[in-house]
Every structure is written in C-alpha cells, then in structure tokens.
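Undergrad: So you can see what is in the structure, the chains are spelled out below.
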Amino acid sequence: MKSLLGLAAGLLFGAGIALSGMINPAKVLNFFDLAGHWDPSLMFVMGGALATTALGYPLIFRRGRPWLDRFFHLPAPGAIDRRLIAGSALFGVGWGIAGFCPGGSIPALALGDQRTLIFVAAMLLGIGATKNVLARI
Amino acid sequence: MTEFTPWMSLAGGALLGLAALLLMAGLGRIAGMTGILAGVLPRVVQDFDWRLAFLGGAVLSPWLLGIAGVAIPFMVPVSSLSLAIGGVVVGVGATLGSGCTSGHGVCGNARGSIRSVAATLTFMTTTAITVYVLRHVLGV
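Protein sequence lines, in the order shown, are assigned to chains E and Z.
The numbers in this note's numbering rise by one with no breaks, and the one at position 72 of the first sequence is 72.
This note's numbering runs 1000 ahead of the 1-based position in the second sequence.
In case anyone wonders, no lab produced these hints; they're calculated from the structure.
Mixed in with the good hints, there may be bad ones.
[What the hints assert, rightly or not] Taking lysine to any residue pairs in the SDA-like style, the calculated list, with each CA pair at most 20 angstroms apart, reads:
#, chain 1, residue 1, chain 2, residue 2
1, E, LYS2, E, PRO66
2, E, LYS2, Z, PHE1048
3, E, LYS2, Z, VAL1059
4, E, LYS2, Z, LEU1060
5, E, LYS2, Z, ASP1049
6, E, LYS2, E, ARG63
7, E, LYS2, Z, GLY1028
8, E, LYS2, E, LEU55
9, E, LYS2, Z, GLY1056
Please take these sequences and the hints and turn them into a complete structure.
TA: Structural data, given as structure tokens:
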C-alpha cells in the first residue's frame, strides 16, 4: 500500500518535471542566465508548486497523522548552520555546471539520452559517499 | 534559446506540488529527491520500497507522456565532463545541505522552514553566479 502511494506520487512528480520544463537542462540554465537568453519559466514552476504545497500542507497537518503511518516524518526545526549553507552553495555550483538537479535528472532518464546517465551516476556517487561519511561523524 | 512557457510551467509546478501533498498525506514524507535517492543507496536502513516505487513512477510518467505523443523539449547544452563533475558536486552538496530544489525549494519553504529558505536563497544565488561565470566570463 505504501509502495502504491509512492508510485502514484512519483508519477505525479515525473509528469510535473516533464511538463514544467525542469527536465530540460537547456531551459534550467537559461533561467539562471540573466545576462543571456533569459527564460523566466522556472519562476512559474516554483510558483505553481509552492502555491499548491503552501495551501495543502496546513490542511494535511491538521489531520494529525498521515493515512499510512503513525506520524509525519518532518525534520526538526533547527538553526541555519555552516553545513547547510556550504552544502547548498556547493549544490548550486553543480546545478550551474550541469543544468540538472536531482529532481530533474531522474525523470529525464526516461528520455533515453545517455548523457543523463553520466550525470545520474556521478550524482549517486556523490550522494552515496556523502551519506556514508556523514553517518560516521 | 528555449521557449518561455508560463502556463505549462505553472501547471507542471502544480503537479509537483500535488506529488508533495500526496506523499505527505499518505506517508508523512517530504518529497525531496535527494533524500529519496539517499534512502535507496547503501546502506539502506528502512523504507526502501516506497522510495523505489516513487523513483519508478518519476521515470515512468515522462516515458508514458512520450508514448502518448506529448512533446518534451530536452537539450543538454554542456559537455559530458561537465555532467560528470556537476553530478558529483550536486550529489555531495545536496546531501551536505540536506536537500535540493524539491526538498527545500518546494516542500521546506511551504512549511515555513527557515533552513529551507536559507538553503534555497543560497543555491539559487550560487547557481546564477556559476552560470554567469561559465557562460560570460570563461565563455564555456
């Protein structure tokens, strides 16, 4: 049942990435290229996504618990620390180099371009290695 | 050049929001791609199955859209070397920073998390600087 729900959410996510244009590195990079061929579309992606979650989350949290689990798995509110900022800064540099973010790259695998695989393999290496190092400290 | 697509992007963004709402309402989970990927990589602790199903769905739907004849514009304007370097940096950075565009940008900001707001402002800034330097200073 949990897997079915995960699948449904994944299908929505993949469709959203594909239709919004987040799947396309050229479009993503043009959004950030203010001095070049600026394409403001991604502002609308963020706007549509944030408006939906900002309206929906409070209704969901009001229920007290999710349908298929005993509690919401939410990160504890914490302070802004150096690891958060350094990691996010680094993520942005990588995003600017490649044009793919994690959420854009996985659905892009469906389009069959082998270069997507290069990015995804390198990203999984980075995530896996960092996860295991962090688990030890 | 890419075409400015405000309505399609808004609708696609709303679908991303719905995906996040469904995952929260059903499983109580944040729909962050970095966290979901980290969860299926070794060493797997728990909750492998729904994460794998989410990833499967995320790949399946663009494929189905393609079969249905929906055009999905796609172009990779950088070299394979850039993809490899960028991939590692994205993976390390998003894991250190506890999230990416989906986890912080869509889910965390909507919950009013100050960590997510700080993360989003940080990566949006460094991405723009990186693109500027690569395209207009180094001319890559």
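Undergrad: Please work out if LYS2/E and ASP1049/Z have their alpha carbons no farther apart than 20 angstroms.
TA: holds, 8 angstroms
Undergrad: For a C-alpha distance cap of 20 angstroms, please report whether LYS2/E and ARG63/E respect it.
TA: Holds: LYS2/E and ARG63/E sit about 18 angstroms apart, inside 20 angstroms.
Undergrad: Within a Cα-Cα threshold of 20 angstroms, do LYS2/E and VAL1059/Z meet the stated pairing?
TA: holds, 18 angstroms
Undergrad: Does the alpha-carbon distance linking LYS2/E and GLY1028/Z stay inside the 20 angstroms limit?
TA: Holds, because 11 angstroms separates the two Cα atoms, which is no more than 20 angstroms.
Undergrad: Between LYS2/E and PHE1048/Z, is the straight-line Cα distance small enough, at 20 angstroms or below?
TA: holds, 10 angstroms
Undergrad: Decide if the proposed pair is consistent with the structure: LYS2/E and LEU1060/Z, CA atoms, cutoff 20 angstroms inclusive.
TA: holds, 18 angstroms
Undergrad: Are the Cα atoms of LYS2/E and GLY1056/Z separated by 20 angstroms or less?
TA: holds, 14 angstroms
Undergrad: Given the hint that LYS2/E pairs with LEU55/E, does the C-alpha gap stay at or below 20 angstroms?
TA: Cα-Cα ~24 angstroms, so violated.
Undergrad: Is the straight-line distance between the alpha-carbon of LYS2/E and that of PRO66/E 20 angstroms or less?
TA: holds, 11 angstroms
In terms of the numbered hints stated before, the structure departs from hint 8 and from no other.
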